[in-house]
Amino acid sequence: MGRQIKFEIFRYNPERKGDVPHMQTFTLDETPNMTLFIALNRLREEQDPSLIFDFCCRAGICGACAMVINGRPGLACQTKTKDQPTNITLLPLPVYKLIGDLAVDTGVWFREMYAKTESWIHTAKVFDPKAEEERMDNEIAEQIYELERCIECGCCVAACGTARLRDDFMGAAALNRIARFVVDPRDERTDREYFEVIGNDNGIFGCMGLLACEDVCPKGLPLQNQLGFLRRKMGITAIKDIFRKK
Amino acid sequence: MQTYYTDLLVIGAGLAGERVACEAAQNGFKATCLSIVPARRSHSSAAQGGMQAALGNCAKGEGDGPDVHFLDTVKGSDWGCDQEVARLFADNAPIEMRRLAHWGVPWNRVVPGQSFYFKGGEKFEKYEKPENEGLITARSFGGTAKWRTCYTSDGTGHAVMCTMDNRCAELGIDVFDKKEAIALIHNDDTCMGAVVRCLRTGQLEVFLGKATAICTGGFGRIYKATTNAVICDGGGHTIAHDTGMVPIGNPEAIQFHPTGIVPTDILVTEGCRGDGGTLLDCNEERFMNIYEPEKAELASRDVVSRWMTHHMRQGKGVKSPYGEHLWLDIRHLGDKHISTKLREVDEICHHFLGVDPRTELIPVRPTQHYTMAGLRTNKDGAVYGLKGLFSAGEAACWDMHGFNRLGGNSLAETVVAGGIIGAKIVEFLKGYETTFDTRTINLQVKRQEERIHDLIHGRNGKLNVYDVRNEMQEALMKGCFVFRNNDGLEECVDTLQKTLEKSRKVGLVSDGAGPSHELAAALKVEGQVKLALCIAQAALQRTESRGSHNREDFPERNDKDWLNRTLAYWPEKADMPEFVYEDTTPVFELPPGDRGYGGGSIIPADDKYVKERTVKSSVTKIGKKQ
Chain A
290 MGRQIKFEIF RYNPERKGDV PHMQTFTLDE TPNMTLFIAL NRLREEQDPS LIFDFCCRAG
350 ICGACAMVIN GRPGLACQTK TKDQPTNITL LPLPVYKLIG DLAVDTGVWF REMYAKTESW
410 IHTAKVFDPK AEEERMDNEI AEQIYELERC IECGCCVAAC GTARLRDDFM GAAALNRIAR
470 FVVDPRDERT DREYFEVIGN DNGIFGCMGL LACEDVCPKG LPLQNQLGFL RRKMGITAIK
530 DIFRKK
Chain B
17 MQTYYTDLLV IGAGLAGERV ACEAAQNGFK ATCLSIVPAR RSHSSAAQGG MQAALGNCAK
77 GEGDGPDVHF LDTVKGSDWG CDQEVARLFA DNAPIEMRRL AHWGVPWNRV VPGQSFYFKG
137 GEKFEKYEKP ENEGLITARS FGGTAKWRTC YTSDGTGHAV MCTMDNRCAE LGIDVFDKKE
197 AIALIHNDDT CMGAVVRCLR TGQLEVFLGK ATAICTGGFG RIYKATTNAV ICDGGGHTIA
257 HDTGMVPIGN PEAIQFHPTG IVPTDILVTE GCRGDGGTLL DCNEERFMNI YEPEKAELAS
317 RDVVSRWMTH HMRQGKGVKS PYGEHLWLDI RHLGDKHIST KLREVDEICH HFLGVDPRTE
377 LIPVRPTQHY TMAGLRTNKD GAVYGLKGLF SAGEAACWDM HGFNRLGGNS LAETVVAGGI
437 IGAKIVEFLK GYETTFDTRT INLQVKRQEE RIHDLIHGRN GKLNVYDVRN EMQEALMKGC
497 FVFRNNDGLE ECVDTLQKTL EKSRKVGLVS DGAGPSHELA AALKVEGQVK LALCIAQAAL
557 QRTESRGSHN REDFPERNDK DWLNRTLAYW PEKADMPEFV YEDTTPVFEL PPGDRGYGGG
617 SIIPADDKYV KERTVKSSVT KIGKKQ
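The listed protein sequences derive, respectively, from chains A and B. The number in the numbering used here is simply the position in the first sequence, starting from 1, with 289 added. The number in the numbering used here is simply the position in the second sequence, starting from 1, with 16 added.
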């Protein structure tokens with residue numbers, strides 16, 4: 290016989306009149322290779338169809354199902370119940386607006402981030418369909434991809450001390466996005482232009498260096514290095530600016 | 017009623033949808049995308065392997081070109097594709113890859129000098145030319161003559177999706193997430209937009225567009241075991257099919273992927289086999305080299321899936337609590353290869369199986385993977401039956417895949433078709449004026465409000481939506497999977513007819529308040545069962561084997577009687593689909609022939625029929641040589 294797992298799940302549906310936030314307990318018999326994807330869907334289909342949570346790829350690559358699992362932000366789909374104690378407490382991610390129960394609104398947050406960081410290649414060049422592609426060193430392509438692996442699950446922001454204190458802090462996901470364009474030779478933005486975006490307390494200088502972002506990143510992105518890299522780069526840009534003004 | 021107006025309404029914001037939207041926006045039209053999930057979570061992002069385009073930059077791609085790509089695609093389709101469309105696709109693919117590079121995709125590039133690769137577990141050497149250094153490189157994929165699959169490590173779909181969504185942000189396109197279209201708004205011949213349920217609040221909204229494009233991906237979730245994301249549930253298909261005017265093209269053409277992991281059905285990429293991974297049976301012995309001496313593990317998907325199923329039927333499967341499976345072996349590729357080029361696979365094994373692929377075998381079995389079936393469009397992407405309605409990507413049956421699509425061709429199709437069809441929509445929009453009839457709009461809104469009310473209050477019955485859905489999924493698994501036969505299909509159709517009745521008697525258990533998932537499921541279950549019935553009935557009618565449609569009782573590919581495409585209509589209030597058949601392709605650049613893999617015999621088409629439609633082409637010669 291497998292274990293009987295006790296789930297403590299946060300419940301609140303803002304669209305239901307008179308609903309108040311509360312915790313609800315469910316129990317489920319554990320099966321081999323059970324993940325929270327399997328468990329939560331069984332709870333919804335077998336016990337309470339009003340449960341609200343998000344899954345999409347259920348394969349750890351889309352970032353839809355981030356939640357706080359026994360106190361730690363993570364992807365529910367790649368959390369195996371056998372790695373958890375018999376009591377599992379599930380809460381929605383903080384920082385983001387609650388949609389209902391375990392589902393939060395990451396979509397709007399990230400679209401605002403694209404606008405803030407101008408998350409696209411800035412180039413004056415025009416595409417010529419008849420021309421050969423511009424060449425690129427394979428190692429640079431791999432460096433860019435390394436930072437492009439962010440799946441926008443929101444774990445890093447939910448775990449960030451600064452982001453929890455201040456709504457206007459951009460968070461590691463946004464700073465990593467800038468780093469992705471900094472290493473890309475196709476983007477013609479200068480350091481000074483990047484400084485305009487992140488060279489302040491809402492950006493790279495607001496980071497307190499707690500680095501929970503890297504601890505919880507389900508993709509293992511090198512956020513600590515990137516934050517250090519950007520801080521140095523932006524620091525140097527600021528100093529250069531001081532001398533230039535003289 | 018909250019009402020939005022736009023020039024182009026795109027339902028679905030994956031690669032195809034956003035590519036179409038970009039084309040419209042670049043040409044000065046307002047494009048609006050709706051998506052159930054934030055755009056980057058779309059299933060496009062799950063495609064790991066790559067995009068086929070005949071750039072011919074890498075050593076093993078030398079001599080490649082659109083002609084060779086075209087040939088592979090037509091053969092892969094088992095001559096079931098529209099050859100005009102396959103040609104459009106093959107010719108445009110290289111340009112599109114370069115465009116994506118310009119927009120920001122970090123394609124892997126040619127690294128000059130000597131390197132090694134594996135094929136069939138053996139190590140080979142290759143030499144990349146210094147003059148090609150830094151150009152877009154490619155990897156090997158099943159069913160192709162050349163290495164043609166452009167990639168970014170193991171996250172091609174994800175990387176291209178990021179770039180495309182960035183491009184949308186740059187162009188100022190409104191991409192709304194958590195919006196689900198639940199019905200099209202249309203009159204006798206023209207589509208005006210959609211009634212949309214907000215998945216944040218549960219409120220209904222109206223989106224009106226001069227043109228509407230459905231780009232919602234496949235509908236694998238109507239099968240129990242599928243590699244597809246949970247959002248690939250046919251929502252886009254059902255709203256168009258429900259009009260009674262729009263046909264599903266080739267519903268019986270469903271592809272199964274050889275390597276879904278057991279038990280979660282998560283896909284491990286074809287790249288594993290492309291890079292030299294092998295398939296093993298219960299004795300840990302290879303078998304694909306016996307069935308397919310030439311291509312072995314690299315034969316096309318339908319062939320590999322079929323032989324795997326066959327081999328398991330021979331008693332060579334590995335027994336497990338979740339049923340039988342086989343093994344995928346990538347141990348010999350080594351730590352460096354696995355942790356860089358196949359990192360996603362490594363992660364999947366670690367997170368969902370607790371297996372280390374460097375030292376352990378990966379349990380795999382064939383799983384539903386891709387729907388060549390889709391909303392039937394012409395070569396401009398215009399959906400049959402309704403003016404102003406378009407479709408692109410997996411949602412559409414544009415039809416470059418026919419009865420089997422090649423790995424790397426679907427991801428490429430999203431952006432290539434998106435570009436071509438986007439340009440055709442721009443042509444359509446230029447100078448086009450229409451009127452929106454408020455009465456038609458309000459009637460549709462009212463109808464949807466009533467549906468929701470009836471479901472919440474159990475007016476039609478109290479059946480559990482998850483039970484009904486499960487019954488449909490099980491029926492397809494049992495009767496309409498890799499192998500099909502008359503008895504199994506008849507039983508499947510019988511079962512599904514009963515399921516259809518049940519789907520009309522669903523009522524909610526919960527109160528359906530706000531972003532209720534149960535309500536979302538209940539709103540689409542009847543449409544899903546109809547799709548399932550189209551698949552089963554069309555498979556029953558098609559008394560031949562072609563591509564991934566395998567009839568045990570009709571093993572020949574029958575070009576004499578079945579060189580055609582099924583169009584499945586669902587007239588209002590009907591209980592079964594109605595079928596019309598049309599010619600597969602208006603022209604043959606490559607007349608029907610043998611694929612060169614997969615075995616099976618062919619009943620040839622009428623000579624005169626083929627000759628009348630055969631056009632002069634540069635591929636005729638190449639085709640004969642291969």
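Quick caveat, the hints were computed from the structure, so don't treat them as lab data. Using N, Cα and C, we set each Cβ at its ideal position, and we do this for glycine too. Worth double-checking, as some hints may not be accurate.
To be verified - Per label pair, the in silico range of CB-to-CB distance:
(1) B:Asp599 to A:Asp504: 57 to 65 angstroms
(2) A:Glu482 to B:Asp396: 37 to 45 angstroms
(3) A:Gly307 to B:Asn486: 28 to 36 angstroms
(4) B:Leu459 to A:Glu482: 47 to 55 angstroms
Hint by hint, here is what the structure shows:
Checked against the hint of 57 to 65 angstroms, the C-beta distance between Asp599 of chain B and Asp504 of chain A comes to roughly 60 angstroms, which is consistent with it. Here the CB-CB span from Glu482 of chain A to Asp396 of chain B is close to 41 angstroms, well matched to the stated 37 to 45 angstroms. The supplied range of 28 to 36 angstroms is met by Gly307 of chain A and Asn486 of chain B, whose beta-carbon atoms lie about 33 angstroms from each other. A hinted range of 47 to 55 angstroms for the beta carbons of Leu459 of chain B and Glu482 of chain A is consistent with their spacing of about 52 angstroms.
The structure is consistent with each of the numbered hints, conforming to all of them.
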